[in-house]
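*Asks:* Next come the chains, spelled out residue by residue.
2 protein chains.
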Amino acid sequence: MNDSYLNFVNSPLGARLARSLGLPKPEVLRRYRADAPEFDGIVAVGAGPSPQLLDAFADVVAHTGMTSVAHSGAGLWVPLANRHGLMTGRFEPAERTGGSQARVRALVFDASGIDASAQLDSLYRFFHDALRSLDACGRIVVLGRPPESRATPLAWTAQRALEGVTRSLGKEARRGIAANLIYVAQGAEAGIEATLRFFLSPRSAYVSGQVVRIGTAPFTPAPDFDWTRPLAGQRAVVTGAARGIGAAIANVLAAHGAHVIGIDIPSAGDALDTTMRQIGGTALAFDIGAPDTPAQIAAALDELGVDVFVHNAGITKDKTIAKMSEAAWRDVIDINLSAQERIDDALLEAGTLRNGGRIVSVSSISGIAGNVGQTHYAASKAGVIGRVQSMAPFLAQRHITINAVAPGFIETQMTAKMPLALREAGRRMNSMSQGGQPADVAQTVAWLAHPGSAGVTGQLVRVCGQSLIGA
Amino acid sequence: MNDSYLNFVNSPLGARLARSLGLPKPEVLRRYRADAPEFDGIVAVGAGPSPQLLDAFADVVAHTGMTSVAHSGAGLWVPLANRHGLMTGRFEPAERTGGSQARVRALVFDASGIDASAQLDSLYRFFHDALRSLDACGRIVVLGRPPESRATPLAWTAQRALEGVTRSLGKEARRGIAANLIYVAQGAEAGIEATLRFFLSPRSAYVSGQVVRIGTAPFTPAPDFDWTRPLAGQRAVVTGAARGIGAAIANVLAAHGAHVIGIDIPSAGDALDTTMRQIGGTALAFDIGAPDTPAQIAAALDELGVDVFVHNAGITKDKTIAKMSEAAWRDVIDINLSAQERIDDALLEAGTLRNGGRIVSVSSISGIAGNVGQTHYAASKAGVIGRVQSMAPFLAQRHITINAVAPGFIETQMTAKMPLALREAGRRMNSMSQGGQPADVAQTVAWLAHPGSAGVTGQLVRVCGQSLIGA
Numbered sequence: 001m002n003d004s005y006l007n008f009v010n011s012p013l014g015a016r017l018a019r020s021l022g023l024p025k026p027e028v029l030r031r032y033r034a035d036a037p038e039f040d041g042i043v044a045v046g047a048g049p050s051p052q053l054l055d056a057f058a059d060v061v062a063h064t065g066m067t068s069v070a071h072s073g074a075g076l077w078v079p080l081a082n083r084h085g086l087m088t089g090r091f092e093p094a095e096r097t098g099g100s101q102a103r104v105r106a107l108v109f110d111a112s113g114i115d116a117s118a119q120l121d122s123l124y125r126f127f128h129d130a131l132r133s134l135d136a137c138g139r140i141v142v143l144g145r146p147p148e149s150r151a152t153p154l155a156w157t158a159q160r161a162l163e164g165v166t167r168s169l170g171k172e173a174r175r176g177i178a179a180n181l182i183y184v185a186q187g188a189e190a191g192i193e194a195t196l197r198f199f200l201s202p203r204s205a206y207v208s209g210q211v212v213r214i215g216t217a218p219f220t221p222a223p224d225f226d227w228t229r230p231l232a233g234q235r236a237v238v239t240g241a242a243r244g245i246g247a248a249i250a251n252v253l254a255a256h257g258a259h260v261i262g263i264d265i266p267s268a269g270d271a272l273d274t275t276m277r278q279i280g281g282t283a284l285a286f287d288i289g290a291p292d293t294p295a296q297i298a299a300a301l302d303e304l305g306v307d308v309f310v311h312n313a314g315i316t317k318d319k320t321i322a323k324m325s326e327a328a329w330r331d332v333i334d335i336n337l338s339a340q341e342r343i344d345d346a347l348l349e350a351g352t353l354r355n356g357g358r359i360v361s362v363s364s365i366s367g368i369a370g371n372v373g374q375t376h377y378a379a380s381k382a383g384v385i386g387r388v389q390s391m392a393p394f395l396a397q398r399h400i401t402i403n404a405v406a407p408g409f410i411e412t413q414m415t416a417k418m419p420l421a422l423r424e425a426g427r428r429m430n431s432m433s434q435g436g437q438p439a440d441v442a443q444t445v446a447w448l449a450h451p452g453s454a455g456v457t458g459q460l461v462r463v464c465g466q467s468l469i470g471a
Numbered sequence: 472m473n474d475s476y477l478n479f480v481n482s483p484l485g486a487r488l489a490r491s492l493g494l495p496k497p498e499v500l501r502r503y504r505a506d507a508p509e510f511d512g513i514v515a516v517g518a519g520p521s522p523q524l525l526d527a528f529a530d531v532v533a534h535t536g537m538t539s540v541a542h543s544g545a546g547l548w549v550p551l552a553n554r555h556g557l558m559t560g561r562f563e564p565a566e567r568t569g570g571s572q573a574r575v576r577a578l579v580f581d582a583s584g585i586d587a588s589a590q591l592d593s594l595y596r597f598f599h600d601a602l603r604s605l606d607a608c609g610r611i612v613v614l615g616r617p618p619e620s621r622a623t624p625l626a627w628t629a630q631r632a633l634e635g636v637t638r639s640l641g642k643e644a645r646r647g648i649a650a651n652l653i654y655v656a657q658g659a660e661a662g663i664e665a666t667l668r669f670f671l672s673p674r675s676a677y678v679s680g681q682v683v684r685i686g687t688a689p690f691t692p693a694p695d696f697d698w699t700r701p702l703a704g705q706r707a708v709v710t711g712a713a714r715g716i717g718a719a720i721a722n723v724l725a726a727h728g729a730h731v732i733g734i735d736i737p738s739a740g741d742a743l744d745t746t747m748r749q750i751g752g753t754a755l756a757f758d759i760g761a762p763d764t765p766a767q768i769a770a771a772l773d774e775l776g777v778d779v780f781v782h783n784a785g786i787t788k789d790k791t792i793a794k795m796s797e798a799a800w801r802d803v804i805d806i807n808l809s810a811q812e813r814i815d816d817a818l819l820e821a822g823t824l825r826n827g828g829r830i831v832s833v834s835s836i837s838g839i840a841g842n843v844g845q846t847h848y849a850a851s852k853a854g855v856i857g858r859v860q861s862m863a864p865f866l867a868q869r870h871i872t873i874n875a876v877a878p879g880f881i882e883t884q885m886t887a888k889m890p891l892a893l894r895e896a897g898r899r900m901n902s903m904s905q906g907g908q909p910a911d912v913a914q915t916v917a918w919l920a921h922p923g924s925a926g927v928t929g930q931l932v933r934v935c936g937q938s939l940i941g942a
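Listed in order, the protein sequences are those of chains A and B. Count the first sequence with the numbering used here and you get residues 1 to 471, in order. Count the second sequence with the numbering used here and you get residues 472 to 942, in order.
Any given hint could be a false lead.
Straight-line C-alpha distance at most 25 Å; calculated DMTMM-like pairs for lysine to aspartate or glutamate [stated by the list, open to error]:
id, chain 1, residue 1, chain 2, residue 2
1, B, K790, A, E27
2, A, K317, B, D586
3, A, K323, B, D606
4, B, K794, A, D121
5, A, K25, A, D135
6, B, K788, B, D802
7, B, K790, A, E92
8, B, K496, A, E424
9, A, K319, B, E563
10, B, K794, A, E27
11, B, K788, A, D115
12, A, K25, B, D789
13, A, K323, B, D592
14, A, K319, B, E498
15, A, K25, B, E895
16, B, K794, A, D135
17, B, K790, A, D135
18, B, K788, A, D121
19, A, K319, A, D331
20, A, K323, B, E563
21, A, K323, B, E498
22, A, K319, B, D606
23, B, K794, A, E92
24, A, K417, A, D270
25, A, K317, B, D592
26, A, K319, B, D592
27, B, K496, A, D318
28, B, K790, A, D121
Chain B side only, calculated, beta carbon under 7 Å to chain A, not exhaustive [as the list claims (entries may be wrong)]:
id, residue
29, S588
30, Y595
31, R603
32, A793
33, W800
34, R801
35, I804
36, G838
37, Q845
38, A942
Derived by calculation from the structure, the hints in this document are not laboratory data. All C-beta atoms, glycine included, are put in the ideal place defined by N, C-alpha and C.
The whole structure should be built from the sequences, with the hints applied where relevant.
*Replies:* Written out as structure tokens, the structure reads:
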């Protein structure tokens, strides 16, 4: 739970030692705090030819109260920003101003109009000029169009190339900077705000190297909501809520205004009660794996319904397959995957999960890349990815979204028990050079649960600090 | 080029030392040799409920002359094998036979009928019993159905879960064993042989943790061909053929019977001439990036046409984006990506690339995961992925396939110049604990260029020994 190396190299003595020894110095990540402004600072705006998303982005800047500066490649921004009543200026690279250029909190590049590989050089010019002006823990967001939606192979290819740029920027930038790519479908422009806010906010501290699509499913327009309490009046269920990541998810959803119903196994009843008492939630003691649990959950929730369901409960029983018992295999698959299927089906059949609702499942890097001793666990977590992909079109009819998050190395009681060398490798093998916090996963879940995230469905988002480990 | 650690720990003294010190002992991979049988040894066959691919697989076993044994879960195999005139027996786990069970060269599991997560336990039973009987440098192949083709979310999810199992098996098995997952579309059963042969052969020594789809595009039925010289009578172009991976590709395609036309820059003319002379090929000195090169290539090839085109030429100019020149960005994007687009377009327009032909492009792990100092290179290589995805449906009309390979750490002159620590990390951070050889990439290209690979298109296959490094 406690990364003593991170703490040490960020102490005055430790920083001096690390510097003289050439040791890596992971940044203390800037995370969301209720008592600090979420969106302060300057965003530098860049653009390729014929940018199509600047108008929608100007709305986000206006609503969040950020200040903006335009790179010379984004000439359209200044008049557009003026039209939105924004204060804006011109971005000057530090070398041209003798270092007097104000540092910026975020770099946002609109690549939506790029339709040939040669035009990618517009990204070069912006990031070449601007990357060094970006604050520690800053944000890089590249906006594009879904490659497969482009009319020509040349445009598809150029949009697909953005992944390579963005992921490389994340690895180069270091200093706690996160870089992500958002593909916005034609017609989905009005639906970008919740996602843009998340990726510009300290809430996304440990989400980097990700590719997110915002689509135009025929969703109910998001109702009016308060950006500070977007889940006010909603009911959210979190399984495995007693401790760790589940408790963090419960906390963040409650802070977003939801009434949280926490579920955990009866033996964790005390911890669950404590967690729920702290957030004014409701504790339900159920064994997720029991055959009658889905019906019981549906019955318990039936009268008031549910808006958000977070499948977080999961177990590990690591063992190589040659040494594993069949019971261990069955338990892991059943709790981590089959039980989710049974519960969803029961809630959907009973209509307990409301139209326009949200399902978020917790997958894992193991489900993407596999892992030693986790044939069953990786199967269950890869299955979770299949689950959200397969259910998304089906649930779209009810305007329900379903997505998964895949935590990388997150500091929990579980990782605290790992052998030191393994734990240190997990902590350092990512662009943040540190493990994430349960709250990082929880904030990501809250973004997906947000009423403004209606266009995001069937997706997998890693919360891994851009972990090296992948497929 | 020379992995001295690998050599040392496989010497008598080194092996003893490594054992007593607990050092990793990477296996000397069994690779294809013209003077050794390609398919000897026993394949153990397992299956889930209602397996649908055993019949097609029995053909492959019959044609290759392998011997088979059936796991108790694959009861259908024995009568089916008899029908195909195969020698077959029953697989008994080593513990039940007191260790007398013959060791096997491959484990093949037909998971095509699995349509619910609970049925995944059939994989447990097979691999629990059989994994320890698998030879060093053995093969694991799991056969499934494309998840998105399944009728229900439950079946889609269960098929998707196979990825987690297969990738974990690859990481657990070690000892030079490769594990891959092949999704066979309904109706594509007759098209599996070339792919199955590749994944069972020593040719796929460094390909592990991959997911390949065999589809049913309306392709010309593969003409009669000789499995030992499948490209006989064909003409294959390889760019960047003078040295390294390109020369290896030229060699393997020539060994497959193709007349190879090698292209490289004029300054590499001597090396190109030497490489081409050794394989009876034709050398063409062209600068890939020059504007008139596409037309010149088309003109040079026009009379006889081309069956296979391999885009291998590429350059690196590593530099962080803040320090990179705009010329470096442009050169890397142009040579590695835009030039391919121009050449393809010229050849397709002129009809130089024959209907039923093959395009194979060399991408990179950097194109998947990004890399420090490679914003431009990663963009170009991510673009290559977009290129094959975007062109595949378009080229299907001409029965042309297009695919990409992504080499991981391959031992070349380039990697020989890397700093030691970086080189050692690259070598060890994969399931084979070693770098690959240029021939490993070349064999993979040859599989994709094979007349029997008509159902494989729009795909990316990593040649990385199941590198940890991913997206």
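*Asks:* Taken at face value, is the distance from the CA of D802(B) to the CA of K788(B) at most 25 Å?
*Replies:* holds (9 Å)
*Asks:* Between K496(B) and E424(A), does the CA-CA distance stay at or below 25 Å?
*Replies:* holds (23 Å)
*Asks:* Holds or violated: are the alpha carbons of K417(A) and D270(A) at most 25 Å from each other?
*Replies:* Given that 25 Å is the threshold and the Cα spacing comes to 22 Å, the pair holds.
*Asks:* Decide if the proposed pair is consistent with the structure: K794(B) and E27(A), CA atoms, cutoff 25 Å inclusive.
*Replies:* holds (23 Å)
*Asks:* Return the status of the interface hint for S588(B): holds when the least beta-carbon distance to chain A is below 7 Å, violated otherwise.
*Replies:* It holds, given that the least Cβ distance between S588(B) and chain A is near 5 Å, below 7 Å.
*Asks:* Taking 7 Å as the limit, does the beta-carbon of A793(B) come near enough to a beta-carbon in chain A?
*Replies:* holds (5 Å)
*Asks:* With a cut-off of 25 Å on the C-alpha distance, tell me whether K319(A) and D331(A) pass.
*Replies:* Within the cut-off at roughly 13 Å; holds.
*Asks:* Taking only the CA atoms, is the gap from K794(B) to E92(A) under or equal to 25 Å?
*Replies:* Answer holds: K794(B) to E92(A) is near 17 Å, not above 25 Å.
*Asks:* Holds or violated: are the alpha carbons of K25(A) and D135(A) at most 25 Å from each other?
*Replies:* The hint holds at about 16 Å.
*Asks:* Is the straight-line distance between the alpha-carbon of K323(A) and that of E498(B) 25 Å or less?
*Replies:* Given pair K323(A), E498(B) holds - Cα atoms ~23 Å apart, limit 25 Å.
*Asks:* Answer holds if the nearest beta-carbon of chain A is closer than 7 Å to that of Q845(B); otherwise answer violated.
*Replies:* Constraint on Q845(B) satisfied, holds at 5 Å.
*Asks:* Would you check the hint for K317(A) and D592(B), treating anything up to 25 Å between C-alpha atoms as holding?
*Replies:* Holds: K317(A) and D592(B) sit about 15 Å apart, inside 25 Å.
Of the hints listed earlier, there is not a single one the structure fails to meet.
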